[in-house]
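> So you can see what is in the structure, the chains are spelled out below.
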Amino acid sequence: AQSVTQLDSQVPVFEEAPVELRCNYSSSVSVYLFWYVQYPNQGLQLLLKYLSGSTLVKGINGFEAEFNKSQTSFHLRKPSVHISDTAEYFCAVSHTGTASKLTFGTGTRLQVTL
Amino acid sequence: NAGVTQTPKFQVLKTGQSMTLQCAQDMNHNSMYWYRQDPGMGLRLIYYSASEGTTDKGEVPNGYNVSRLNKREFSLRLESAAPSQTSVYFCASSEQGKETQYFGPGTRLLVL
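Protein sequences, first through last, are from chains A and B. Sequential numbering from 2 applies to the first sequence in the numbering used here. Sequential numbering from 213 applies to the second sequence in the numbering used here.
To be clear, the hints were calculated from the coordinates, so they are not data collected in a lab. Incorrect hints may appear among the rest.
[Claimed, not checked] Taking beta-carbon pairs under 10 Å as the criterion, some of the chain B residues facing chain A (in silico):
no.	residue
1	247
2	262
3	270
4	276
5	289
6	290
7	306
8	310
9	311
10	313
Given the structure is predicted, the values throughout are model-derived calculations rather than measurements. The beta-carbon is built from N, C-alpha and C at its ideal position, and this holds for glycine as well.
Build out the structure end to end from the sequences listed, making use of the hints.
Okay, structure coming up:
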């Protein structure tokens, strides 16, 4: 079985400051990794994904994440956040053998203030 | 393209009532999914359909049934609603064998 841990339920940050949202996973087999964003009262939108290849993945809206196999982590980063980045962020994992079944973390609420 | 659409957007039920949540996608995807989202628990898979004509249980299937009506539509039915089923329900779809899932806007369900 696979699992995802997002240790921070809320992350407050000032506008234009950098941010890192943490994600750790556990799995006995190779995985695909994802970050989804959910804006208030909306569905989930894919930010970025790691399937294979380069461990540094760039996504939409200036976000990037780095896959670290030894630390089983996939932390999300942005060098300078904007008010519009306020949202809930979900890390998710799937097995490479059953690519479409996602297991989600509990989410991190990013609150950007002036 | 509308992507993934869900109806209704909001629903209030009394305990014991039944209802069906509808989901449709216009992306010609083979695979479709139903999730529920609860505070502090992320999204949990209820049922999924890898292709037309097949359905399988996910992590939390109890109290729900699904129907893959055709390639476009995947419905979720609550036969006898319980307060524990108060949640936000999301439908998603993906191309078979592809990793990215596309989500609908959600249905907010309150069971009194």
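> Which of the listed hints are not met by the structure?
4, 5, 6
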